[in-house]
Amino acid sequence: GDVVKIGILTDMSGVYASLGGKGSVAAAQMAVADFGGKVLGKPIEIVSADHQNKADIGAAKAREWFDTQGVDMVNDLLNSGVAIAVQKVGAEKKKIVIVNGAGSTALTNKECSPYGVHYAYDTYSLAKGTATALMKQGLDSWYFLTADYAFGQSLEAETTKVVGVLGGKVLGGVKHPLSSTDFSSYLLQAQNSGAKVIGLANAGGDFVNAVKQAKEFGIKQTLVGLLVFDTDVKALGLNAAQGMKFTTAYTWDLNAETRAFGNKYLAKTGSMPTMVQAAVYSSTMHYLNAVKAAGTDDPDAVMKKMRDTPINDFFAKNGKIREDGRMVHDMYLVEVKKPNESRSVWDMLKLVSTIPGEQAFKPLAGSECPLVKK
Amino acid sequence: MPDVLDHAGEMLRVTGLHAFYGESHILHGIDFGVRRGELVTLLGRNGAGRTTTLKAILGLTGKRAGSVMVNGNEAINLPTHKIAHLGVGWCPEERAIFSSLNVEENLNLPPKVRSDGMSLEEIYELFPNLWERRKSQGTRLSGGEQQMLAMARILRTGARLLLLDEITEGLAPVIVKKIGDSVRLLKERGYTIVLVEQNFRFAAGIADRHYVIEHGQVVDAITADELAASTERLNKYLGV
Amino acid sequence: MDIPLQAILSQAMLGLNNGAFYALLSLGLAVIFGMLNVVNFAHGAFYMLGAFVALLGYDYLGQWLGNADMRLSFWAALLVAPIVVGLLGVIVEKTMLQRLYKVDHLYGLLLTFGLALIFEGVFTNYFNVAGEPYNAKPEVLEGAVNLGFMFFPKYRLFSIVLSLTVCFGVWYLIERTRLGSYLRAGTENPDVTRAFGIDVPKLRTFTYFLGVALAGLAGVVAAPIYSVSPKMGSDLIIIVFAVVVIGGMGSIMGAILTGLALGLLEGLVKVFYPPLANTVIFIVMALVLLWRPAGLFGKEA
Amino acid sequence: MSNDTILETQGLGKDFRGFSAVSDVNLKVARGSIHALIGPNGAGKTTVFNLLTKFLPPTHGRVIYDGEDITSLKPADVALKGLIRSFQISAVFPNMSALDNVRVALMRTVGGAHRFWTSDKALDAYTDRAMALLGDVGLTDFAEVLAGELAYGRKRALEIATTLALEPKLMLLDEPTQGMGIEDVERVTSLIKRVAVGRTILMVEHNLKVVSTLADKITVLARGQVLSEGDYATVSNDPRVMEAYMGVSADEQAMEGAHA
Amino acid sequence: MQSNDLNPTSLKMARGAEQKTRYWPWLASLAVLAVVPFGVYPTFAMELMCFALFACAFNLLLGFGGLLSFGHACFFGTAAYLTGHAIKVWGLTPELGILFGTACAAVLGVLIGVIAIRRQGIYFAMVTLALAQLVFFACLQAPFTGGEDGLQGIPKGRFLGLIDLSHTVQFGERELPLALYFFVLAITFGGYWLIWRTVNSPFGKVLKAIRENEARALSLGYRVDRYKLAAFVMSATLAGLAGATKTLVVGLASLSDVHWHMSGEVVLMTLLGGMGTLLGPVVGAVTVGVLHHELASLGSWVTVTIGGVFVVCVMLFRRGIVGEIAHRLRRTI
Ligand SMILES: Nc1ncnc2c1ncn2[C@@H]1O[C@H](COP(=O)(O)OP(=O)(O)OP(=O)(O)O)[C@@H](O)[C@H]1O
Ligand SMILES: Nc1ncnc2c1ncn2[C@@H]1O[C@H](COP(=O)(O)OP(=O)(O)OP(=O)(O)O)[C@@H](O)[C@H]1O
Ligand SMILES: [Mg+2]
Ligand SMILES: [Mg+2]
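Protein chains in written order, with the working numbering: chain H, 2 to 375; chain Z, 0 to 239; chain P, 3 to 303; chain F, 101 to 360; chain X, 4 to 336.
Keep in mind the hints are simulated off the structure, nothing from the lab.
Among the hints, erroneous ones may be present.
Said to hold, decoys possible - BS3-like, lysine-lysine: derived pairs with alpha carbons at most 30 Å apart: (1) X:159 to H:94; (2) H:95 to H:321; (3) H:213 to H:351; (4) H:235 to P:204.
Excised from the complex, chain H in its bound form:
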């Protein structure tokens, strides 16, 4: 078309709204503005919609965007189910789909697509970082509370592998429906299992509620969130969360660049960006650069360029998109500060260690993605 259209398909009112949602749209707009609002002389447009965390709605919306609105690229996608569905539509329609919110490794394995990019993080990288750290502390018997959908399951599976490899054992687990309110009975089961660690393979509100109720029932075991966002920590408060270790792709207080972006974003939206929102900015930027470099918005050309150019910005260090669509970059293991260490409302996390990309992400060897030539 005569404009370059970017579609932000996200969760506007659901459990993940605070992780992406309007914030992701804002991030994309910032990227477009910083890029100059035009590429190859064509204006850049942003459309957005709510996928309500329902695969059918997301897919239908994407299909309609591609068919009737001439959208060139879809970004964000907070729920794995939706992400998989939309990536399929993208493949069918030959349009680029960038996944930032969802984490299921399926996106770059069984379900991988030549037009799909899995940008921010995935369950493997989270599991690897966090599990390894805890095993080092000798916390080697686990029990899982798992959100019963692709993301949760994949997170549990990956963690289980890591724990196994490092010689720990998993004593069991229980699946709970997405966005439950009452975790008490699951927690009691976990308690009865006698495991040292209760791994929370869920996200957002589920994670927060679980931790709260664990306190209510005076559960002694170590609770560990396998996917934790700054916003969750804020919701829990430092008191409840202090000392908790988790893996993330971005937090604002890592270095000068991250701080710069963080503050800029804070100024615009009133809150610090989550790793998803930061990734939306970064990936949109990368896409636009690719379009410019390719001199066309033809998906195949752009996709090639995106693969060929390494990514080095505030978000991604030594970033590279593999043939399976995985964007490999450094991840960070962080720890929640004690209340007395915190100097401001957003001062909550401290860096424990940096996990280099090639260790953080699943090696291509043994990938189930048909695109990977062995």
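Using the hints provided, position chains Z, P, F and X with the ligands relative to the given structure of chain H.
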């Protein structure tokens, strides 16, 4: 009640009463009156509008217009429960005994509208069968007993104006007699009674006056003493 | 598999906790249905509203009144929220439900369904489905008591006791008082009841107030346990429907006992066969219907 | 059981939670006769009907119809065997025309009611027969009127017409004249007489005038048991019956009967 | 229950049936629908057709059987899942897949029907709702449904193994999936015709009679329960057909197909269009569909609007759009 009205002496005065069920216009200006202590009957064919008349007096029909004076008070604009508090007791065609209440609860249900209602003792004395079955569920009673209960229920409240609808309907002769006796008794006690009846023989025995209703209007009034004279006139109305 | 007794007992306690909520809610439903012949689909929404009244009163009231440290305490909420919700119910009854008594009862169901969607939607818009935590749990109820087999949070114990007290209070009101017999009579034959000098319309309004207020109360009690969210009622309500069908709409006591029993059952199933936990109630319902279509406590239709 | 008895009950009884509404009733209804069931209210007449037509399951006893035991059958099956009832409260399909009321009944006898793939013009086949039946009960002019809009007496007439459509061997009528004005009573009485030819009729009726003009045999129930049996004269002179049911001498009754 | 309240126009329906049937309306609407994809976004049009069929199936039960099922989504959804599974995993051809899904819906219809018809009116509504919830959880946990993610990437396949349904035709710069469109059109029309036929059949008459006075129908010797069950199963089956077809259109089946919101939606469609009318559900479905589509950007205000429409219909508009028109025109639609 204020004595002023006593010598006026009218317990009920209905003038130009119109009533509707939804769209259908049933009563076309009913006029009649009942003096204190009188017993009048409303006669007529099926669907003439007698039940409707009683319901309209109580404001249980749809729209209604005209005037209903219950011992000196205009009732046409009052809600049903207020009308009842003017001292009107209604014994509906279908008896309407409450199955969720036992006999005694049924008796105790209606709030007293005046102090001088009958006590339970008096009522059981009037209807001994009710005493036997006082603890059993309302609808478990046989038709006749249900009928007695329906009447007894309104006597407790102290209502002085009784609207009785088809109280002998579908009853065995033996029970019809019983009911007849109790109605006479009430009349002696000075109750004012409006009686809707198919059973003319039953009505003839006890009424002071008969109003004949046709197509929602009072077409004739016959007093007890001129009754004998006007039998065939009546038969014409009732289509015998 | 061998399950430690202590696990069973603790899950049973949690089950009882849920059961208490089921009882409170199904009681409200039964009362409304009994008197108004309306299946109050909005019951879940009113439950949610109750919780939100408490939440707003605690976190936002101050800001609105321009006095930040002015808050509606939990204890106050226990009283205020049911009344506020009840009054909302009164508005609904007087402006809408009232007009539907004459037509087919299904319309009552459809109306309240619509209302439920509206309430849910509005709150979802302002507090997305994730909802917010309610942090007003009173000090005295903090912490847990040692039941020997488990540490059971004081607050949950309190919620069980409170719910049951209220349930039996309502039962007494309806089965054992004059007002109760008015209610029952008004249900059976409104016209005649009116003709006896009883203000049936007012009774109806009151009943709806009562039923809905019960839902509101349940909401407040639930708030500190589960975080307050717009959808908290919508899925619960279907379970409660099942409870009511099992118990048989007619009976107040039926609603209470069935609620408790099923909560307990659910809790135990969580121990023995977790996957069945969220379906067991519906399965029981199906079986009961095959065996006793009128429900366990229902009168033969 | 002899072939001229169409319906027989043996020790028929029904208890409602302890309270026994009907106990040990032994009825014999002769083929082709009009048999009346009378008795004070609560005697158990309607309950007996419900037992015969299986709307209630009996607690004791057997029901034998046309030589076979139907005690354990379902209402529909009983109806299929030609034992059809009418209700104490008039029962029609209010939002269907009188004609359709009858045609739906006819369709049941002929079959094909389950067909959802054919057009309902199929029903036109029954129109003539239906009109004939409406004629019998004097409703020819009301064929197109909605049953719900018919006057009370005519509703009953229509109900009888639909019942006839099923060509019942045995008709059970529960208080066919209840709540009717005098003229309606007479219309229905003569109607019953007319349709009775070649059929058996068992009816509940409080109106003794009707009973005396129609019934070949009368069974008096009281407190759920048979009190007396025989033709009108015998029954109405039976002192127990007078005491329990009429409470007055028979001849006086016959006159008063107009409305009791 | 007072059926006459429930479907004000069914009377005119019954009478209309006595007039001789006209064919031109069928042909006309077919003609119109044939050109639709050139104007409207075809995928959307096809979805609307599926929902229209769904609503009609539902209305067969409510409008003509007098039974309000609040759990019809479970038939719609079950068929959707099983069709998807059959086509994707077992590689069945689309028509066989749909057939399979529909058949399963029918079986489920029998199972649920047997239980549900034991209660009437409001109870029936609650029972169906609860049983549907049971099915919902079953789908949530069943291995092949993909839980929260749904069953995805269902191929369109080849009709009878010959015609490729994913085939598209270039029209302007748009790609029109005409093959699929006409396939769906055929199915929807077939379903609709069957319903029309059923309503105006002896069976339909008996259903009406039962709704009017059950005890009487019983005493006439009709096995009432069998007729109710038959109506229920038929409705369930057609709902299934709609679900199965929809799966093929959007290429995935998900929990929202079995969720009670879906059951609510179909009630609304019927109520809004006019229950007890043949055209009503279609109009209702299209209206609601468009409503959703237009308001999608409003987030949760959609729910509010839907709720609002419900309230308005119940309070002021009980006949529904078509019912109202029919009432005005005093003739059959
Ligand atoms: N609820 C109602 N809705 C519409 N019309 C009614 C209603 N009740 C009665 N009618 C009509 O009103 C007219 C008068 O009815 P009403 O009950 O007053 O008759 P009636 O004189 O009491 O005779 P009977 O009681 O012997 O039937 C009749 O034509 C009847 O059809
Ligand atoms: N469902 C029931 N439960 C309990 N008792 C019942 C039930 N149905 C009837 N009865 C009782 O059984 C007895 C017989 O009732 P039935 O209706 O047969 O009397 P009936 O002879 O028909 O009287 P009527 O002439 O008033 O119709 C009555 O005492 C009645 O209260
Ligand atoms: Mg009358
Ligand atoms: Mg009887």
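### Query
Does the structure break any of the earlier hints, and which numbers would those be?
Of the numbered hints given earlier, the structure breaks just one, which is hint 4.
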